[in-house]
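Visitor: Model the full assembly from the supplied sequences, consistent with the hints where possible.
Given next are the chains, with one letter for each unit.
Number of protein chains: 2
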Amino acid sequence: MKNAYAVILAGGSGERFWPLSTKARPKQFISLFSGRPLLTLAVERLEGVIPADRIYVITAERLVDDTAAAARNVPRVNIIGEPCKRDTAPAIAVACGLVKKRDPEGVVCILTADQLMSDMQTFQRTLTDSVEIAARNDVIVTMGIQPTYPATGFGYIRAGAPVEGATVTEFYHSEGFVEKPDEDKALEYLNSGRYFWNAGMFIWSTRVMSAALARCAPDLCELCDLIAECEGYDEQSEVLNRSYPALRSISIDYAVMEHVDNIVMARGSFGWDDVGSWPAVAGHFAADMNGNVVIGSCEQMDCSNNIVVSEERLTALIGVRGLVVVHSDNATLICPRDRAEQVKKLIRRIAARPDGEKYV
Amino acid sequence: MKNAYAVILAGGSGERFWPLSTKARPKQFISLFSGRPLLTLAVERLEGVIPADRIYVITAERLVDDTAAAARNVPRVNIIGEPCKRDTAPAIAVACGLVKKRDPEGVVCILTADQLMSDMQTFQRTLTDSVEIAARNDVIVTMGIQPTYPATGFGYIRAGAPVEGATVTEFYHSEGFVEKPDEDKALEYLNSGRYFWNAGMFIWSTRVMSAALARCAPDLCELCDLIAECEGYDEQSEVLNRSYPALRSISIDYAVMEHVDNIVMARGSFGWDDVGSWPAVAGHFAADMNGNVVIGSCEQMDCSNNIVVSEERLTALIGVRGLVVVHSDNATLICPRDRAEQVKKLIRRIAARPDGEKYV
Chain H
12 MKNAYAVILA
22 GGSGERFWPL
32 STKARPKQFI
42 SLFSGRPLLT
52 LAVERLEGVI
62 PADRIYVITA
72 ERLVDDTAAA
82 ARNVPRVNII
92 GEPCKRDTAP
102 AIAVACGLVK
112 KRDPEGVVCI
122 LTADQLMSDM
132 QTFQRTLTDS
142 VEIAARNDVI
152 VTMGIQPTYP
162 ATGFGYIRAG
172 APVEGATVTE
182 FYHSEGFVEK
192 PDEDKALEYL
202 NSGRYFWNAG
212 MFIWSTRVMS
222 AALARCAPDL
232 CELCDLIAEC
242 EGYDEQSEVL
252 NRSYPALRSI
262 SIDYAVMEHV
272 DNIVMARGSF
282 GWDDVGSWPA
292 VAGHFAADMN
302 GNVVIGSCEQ
312 MDCSNNIVVS
322 EERLTALIGV
332 RGLVVVHSDN
342 ATLICPRDRA
352 EQVKKLIRRI
362 AARPDGEKYV
Chain R
12 MKNAYAVILA
22 GGSGERFWPL
32 STKARPKQFI
42 SLFSGRPLLT
52 LAVERLEGVI
62 PADRIYVITA
72 ERLVDDTAAA
82 ARNVPRVNII
92 GEPCKRDTAP
102 AIAVACGLVK
112 KRDPEGVVCI
122 LTADQLMSDM
132 QTFQRTLTDS
142 VEIAARNDVI
152 VTMGIQPTYP
162 ATGFGYIRAG
172 APVEGATVTE
182 FYHSEGFVEK
192 PDEDKALEYL
202 NSGRYFWNAG
212 MFIWSTRVMS
222 AALARCAPDL
232 CELCDLIAEC
242 EGYDEQSEVL
252 NRSYPALRSI
262 SIDYAVMEHV
272 DNIVMARGSF
282 GWDDVGSWPA
292 VAGHFAADMN
302 GNVVIGSCEQ
312 MDCSNNIVVS
322 EERLTALIGV
332 RGLVVVHSDN
342 ATLICPRDRA
352 EQVKKLIRRI
362 AARPDGEKYV
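The listed protein sequences derive, respectively, from chains H and R.
When we follow the numbering used here, the leftmost residue of the first sequence carries the number 12, and every step to the right adds one.
When we follow the numbering used here, the leftmost residue of the second sequence carries the number 12, and every step to the right adds one.
Source of the hints: derived by calculation from the structure; they are not laboratory data.
Treat the hints loosely; a few may be bogus.
One copy or two, either will do: identical chains are not told apart, so a pair holds if it fits within one copy or between any two.
[Claimed, not checked] 16 angstroms max Cα-Cα, derived EDC-like pairs, lysine to aspartate or glutamate: (1) Lys196 <-> Glu72; (2) Lys355 <-> Asp313; (3) Lys369 <-> Glu322; (4) Lys356 <-> Asp313; (5) Lys191 <-> Asp285; (6) Lys112 <-> Asp236; (7) Lys369 <-> Glu323; (8) Lys355 <-> Glu368; (9) Lys96 <-> Glu72; (10) Lys191 <-> Glu233; (11) Lys34 <-> Glu368; (12) Lys13 <-> Glu269; (13) Lys196 <-> Asp236; (14) Lys34 <-> Asp366; (15) Lys13 <-> Glu58; (16) Lys13 <-> Asp114; (17) Lys196 <-> Asp140.
Guide: This is the structure in structure tokens:
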């Protein structure tokens, strides 16, 4: 697609998939699916739609090398390292600057690095249609995912009237973003059929982006312009190192989306999965007749509903049920499936150990 | 002690402590206690009582090097490798031959390699007294351990009338060996106060040994004599390689002890522990306030009564109770405490895997 650029946000922390993911090896680097890192899959998903040299990846500075390795054909100069963590809005401002400099008519697809999409063809169709809408109109296109369960872990987009048009993808005028709901609200949203998960994917022209930033976040607009004026990678890095630490940490939802009314939602039905927990990972693998999911080597006797990730060693289980067992090269997690989310709390305790740095 | 020789039987299998122990690294080599292998502790226990050059260790041929390393000061020529597994009676016949050749007046202490004794002083006292009794009388001294619970995993010795004498150790005439009892019988034995665990330790003169073998097991008596006639280690090995395969596999209890009536039991009260299972191992370590025993590195959140052996990696547990978790360098066992014994069955399944040899 002419003028289409992708910017993959690949910051990420290593908490939910500890010990397989760590600070030094966040979720986008784990290779549980198709044997390749999620980031690699995210880049591959754009094949035939956006050429590799028009793909940018924004990550933490310390992860630039690994990111370049996982992002395969993406040119090294397109891998941008953030000197510190500042949430999505600053990263998106940088993305806007990068593309603006290169192509004032550019359309930027803000994408994520650590999610799965089972129907790549539909994803590409949705993306292509979104780019066209964004190129021709003063709108921000956001992807809304049809909920499949009453999730409390995502923000939602309320869909309004359909946008008239001849695309395969359905577009709706957005009636607003809503924050993560409680369980009752989530069920209400699910049943209404009008609420969609906010997947954090936005497609907008640099023109629309600049205007939105200028109005809603002048400091980020300034950063965007500084980046757009840079000559080369080194100058870019200097600007980032100078500007970033002073920025506030703020998401694009809070900084922009909640303050604009020109949002159009593309209905995304491409098997999107945030794979936000070990049980979610297990959902992508076939279970044995006792409900056990094994990635790697495992021998079980009288066991059921366990999730075992054991690629470098043999795990032998007797008489245990509903456990998550995950080994990394130097640590092992064992917990009931329904407590897998508490690993975040555990990580803080591990980090506080004298030798904690080795493990988190 | 003049004329006293020790023969430590160190065959052993690697089943009960899998994955820490394996075929190539049986129980006597695991270093959970005092940081040293059980075999090393067994040798150290003789310090000051039997000089190192009068200690022999009989093990499997494939384990001779590791045995020599763990047995520290014991001369290499005193480490005897059995070409195949044939239970205790043939090994004891060999022991008798070795000592007979060296010292016709020798008293042989048959000892075990993979048990713990917390009161070394009392053990040495008991051993010294037993050697004296065995040197002066035509008896086989066996050590009987005062039971502390109704064990079904040991054979028992029924103690009869006390043996008159001036030793610190109490000796009783044995009224016979009985096999492993069922639970009711075991409780009866415990309450009677007259039954003691057969710990597999025997002290007898080569003269008494030869006579008993000649009467009860002529084939083993022949082996004993062949060994006694050997000149040097190489000839010994040749004899073993030639004779052993044809021998029946039989324990000393069946071969001799059940057929003789000159057995005297030394009452052993030196904190003997067979440490036959992971829960038994845990009993030798201090638990935290939630009953968890950790050997190595472990972080636990809302956990109780777990046994964790994690010396080379960090084990992180959330909300699990009563589990045994043991890591070796290439395998991990997870099971409830009360099913730890089923690991034997599991090992057979693991051995049947295409890559099973790596793990068992």
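Visitor: All the hints need checking, so say for each whether the structure fits it.
Guide: Going down the list of hints, with the structure as the test:
1. Neither within a single protomer nor between protomers do Lys196 and Glu72 lie at most 16 angstroms apart by alpha-carbon distance, with minima of 39 angstroms and 71 angstroms respectively.
2. With identical chains, the CA atoms of Lys355 and Asp313 are at most 16 angstroms apart between copies only, with a shortest distance of 14 angstroms across copies and 30 angstroms within one.
3. Proximity of Lys369 and Glu322 under a CA criterion of 16 angstroms is satisfied inter-copy only: 15 angstroms between copies versus 20 angstroms inside one chain copy.
4. In this assembly of identical chains, the alpha carbons of Lys356 and Asp313 lie at most 16 angstroms apart only when taken from different copies (12 angstroms versus 31 angstroms within one copy).
5. Taking the shortest alpha-carbon separations for Lys191 and Asp285, only the intra-copy value of 15 angstroms comes in at or below 16 angstroms, while the best inter-copy value is 57 angstroms.
6. Taking the closest pair of Cα atoms, Lys112 and Asp236 come within 16 angstroms of each other only inside a single copy of the chain (9 angstroms); across copies the shortest separation is 96 angstroms, beyond that limit.
7. Taking the shortest Cα distances, Lys369 and Glu323 sit within 16 angstroms of each other only across copies (12 angstroms), while inside one copy they are farther apart (18 angstroms).
8. When the C-alpha separation of Lys355 and Glu368 is checked against a cutoff of 16 angstroms, the pair qualifies only within one copy, where the shortest distance is 15 angstroms, while the shortest distance between copies is 37 angstroms.
9. Proximity of Lys96 to Glu72 under the C-alpha cut-off of 16 angstroms is restricted to the intra-copy arrangement: shortest distance 9 angstroms within a copy versus 61 angstroms between copies.
10. Within a single copy, Lys191 and Glu233 get their C-alpha atoms no closer than 30 angstroms, and across copies no closer than 84 angstroms, so neither meets the 16 angstroms cut-off.
11. Only within a single protomer do Lys34 and Glu368 lie at most 16 angstroms apart by alpha-carbon distance; the minimum there is 9 angstroms, versus 36 angstroms between protomers.
12. In this assembly of identical chains, Lys13 and Glu269 lie within 16 angstroms of each other by CA distance neither inside one copy nor across copies; the values are 29 angstroms within and 94 angstroms between.
13. In this homomeric assembly, Lys196 and Asp236 never come within 16 angstroms of each other (Cα to Cα): the closest approach is 40 angstroms inside a single copy and 88 angstroms across copies.
14. When the C-alpha separation of Lys34 and Asp366 is checked against a cutoff of 16 angstroms, the pair qualifies only within one copy, where the shortest distance is 15 angstroms, while the shortest distance between copies is 33 angstroms.
15. When the C-alpha separation of Lys13 and Glu58 is checked against a cutoff of 16 angstroms, the pair qualifies only within one copy, where the shortest distance is 14 angstroms, while the shortest distance between copies is 86 angstroms.
16. Proximity of Lys13 and Asp114 under a CA criterion of 16 angstroms is satisfied intra-copy only: 10 angstroms inside one chain copy versus 98 angstroms between copies.
17. Within a single copy, Lys196 and Asp140 get their C-alpha atoms no closer than 31 angstroms, and across copies no closer than 81 angstroms, so neither meets the 16 angstroms cut-off.
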